[in-house]
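Asker: Sequence:
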Amino acid sequence: MDFWPEIHATSWGREFVAGGLGGITGLVSGHPLDTVRIRQQILSTGGGGGGSSSAFTILRNALAREGPASLYRGMGAPLATVAFQNAMVFQTNAILSRAFDKPVSPKDPPSLKAVALGGIGTGVLQSLMISPVEMIKIRLQLGRSEKHLTEQQPYKGPIMVAKNVWRREGIRGIYRGLGITVLRDGPSHGVYFWTYEYMREVLHPGCRKSGEERLSTMLVAGGLAGVASWIVCYPFDVAKTKLQAQTCDCLKYNGTVDCLRKSIKEEGYDVLWRGLGTTVARAFVVHAVVFSAYEITLSKHNIDITSDEDII
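Going by full-length UniProt numbering, 222 is the number at position 222 of the sequence shown; the sequence numbering is gapless.
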């Protein structure tokens, strides 16, 4: 009965719980747009994918052919891990940021440089966990839309995907796309945490040290952090999706460089940015929610959520 109160009474416990709750709320709110993004990245405008890659067309076709539930397909795998993953991301970043800025007093926030370096380290470490989860999620999200890239029959759940990949491809299949995931998540997490800390200080000077800030500050700073982090890594994310959508039966790409080269040759440089609009819209909403849930959970009393200034 005293487990959660005792955990939340410690700084480490509060960071962990806050990160976990932030991750869950962000995942649930943004998964439908994430499904649209994944299908946009895979769908070929040159005829190989069978149609338009506009977000509206993909959304309309998914609803008409597969029903509203298709937009939440693949959420099970990340939902099972997102609380732990996001908790570890925020906790690891807090630890690494301090490690890169030891001369600073414990009462003062780490420098923005240390925050960025901590974010890069955090992104690299979390790639080991997130790479297999995202591979499973991507194959489920594609469903019946891209059979030629996945399997003869659509998967029925994350466990089925994991078992099938392990049986047919082994550990190499489970961790397909790990290298590109590291290249994506290291820099993007550095930009992510740096942008959040920078923007909250711009919007509410002194709040990093005082801890007193408006809900609007968290929403805007979190949303902009999500947008900035996706923009800097988006071409890598497109390549990662294409690589992880492959199976051993249909290996079109031999690696990251080969994937980028062939994709550009077949579809032009625009392919590297396909789905960015959907991603940016999703990123602002999701990460506004993630950081707000994180900060509100972490703080017991210093978040102003009633002021008229909080209305965006």
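The hints are simulated quantities; they were obtained by calculation from the structure and are not laboratory data. Mixed in with the good hints there might be a few duds.
As the list claims (entries may be wrong) - Simulated crosslink set (DMTMM-like; lysine to aspartate or glutamate; CA at most 25 angstroms straight-line): (1) Lys113 - Asp249; (2) Lys163 - Asp270; (3) Lys102 - Glu212; (4) Lys156 - Asp249.
Claimed, not checked - Beta-carbon label-pair distances, calculated as ranges: (5) Lys209 - Phe56: 29 to 37 angstroms; (6) Gly277 - Lys163: 21 to 29 angstroms; (7) Glu169 - Pro106: 42 to 50 angstroms; (8) Ser29 - Arg65: 19 to 27 angstroms; (9) Glu212 - Arg60: 25 to 33 angstroms; (10) Ser210 - Lys113: 31 to 39 angstroms; (11) Lys265 - Arg98: 20 to 28 angstroms; (12) Gly76 - Ser210: 50 to 58 angstroms; (13) Ala281 - Lys156: 27 to 35 angstroms; (14) Lys265 - Asn164: 29 to 37 angstroms; (15) Ile174 - Glu212: 44 to 52 angstroms.
Ideal Cβ positions, reconstructed from N, Cα and C, are used throughout, including at glycine.
Asker: Compare the structure with each hint and give your call.
Answerer: How the hints compare with the structure:
no.: 1; hint: Lys113 - Asp249; in the structure: violated (45 angstroms)
no.: 2; hint: Lys163 - Asp270; in the structure: violated (35 angstroms)
no.: 3; hint: Lys102 - Glu212; in the structure: holds (24 angstroms)
no.: 4; hint: Lys156 - Asp249; in the structure: holds (19 angstroms)
no.: 5; hint: Lys209 - Phe56: 29 to 37 angstroms; in the structure: violated (45 angstroms)
no.: 6; hint: Gly277 - Lys163: 21 to 29 angstroms; in the structure: violated (36 angstroms)
no.: 7; hint: Glu169 - Pro106: 42 to 50 angstroms; in the structure: holds (47 angstroms)
no.: 8; hint: Ser29 - Arg65: 19 to 27 angstroms; in the structure: holds (24 angstroms)
no.: 9; hint: Glu212 - Arg60: 25 to 33 angstroms; in the structure: violated (45 angstroms)
no.: 10; hint: Ser210 - Lys113: 31 to 39 angstroms; in the structure: violated (21 angstroms)
no.: 11; hint: Lys265 - Arg98: 20 to 28 angstroms; in the structure: violated (46 angstroms)
no.: 12; hint: Gly76 - Ser210: 50 to 58 angstroms; in the structure: violated (40 angstroms)
no.: 13; hint: Ala281 - Lys156: 27 to 35 angstroms; in the structure: holds (30 angstroms)
no.: 14; hint: Lys265 - Asn164: 29 to 37 angstroms; in the structure: holds (31 angstroms)
no.: 15; hint: Ile174 - Glu212: 44 to 52 angstroms; in the structure: holds (45 angstroms)
Comparing the model with each numbered hint stated earlier shows that hints 1, 2, 5, 6, 9, 10, 11 and 12 do not hold.
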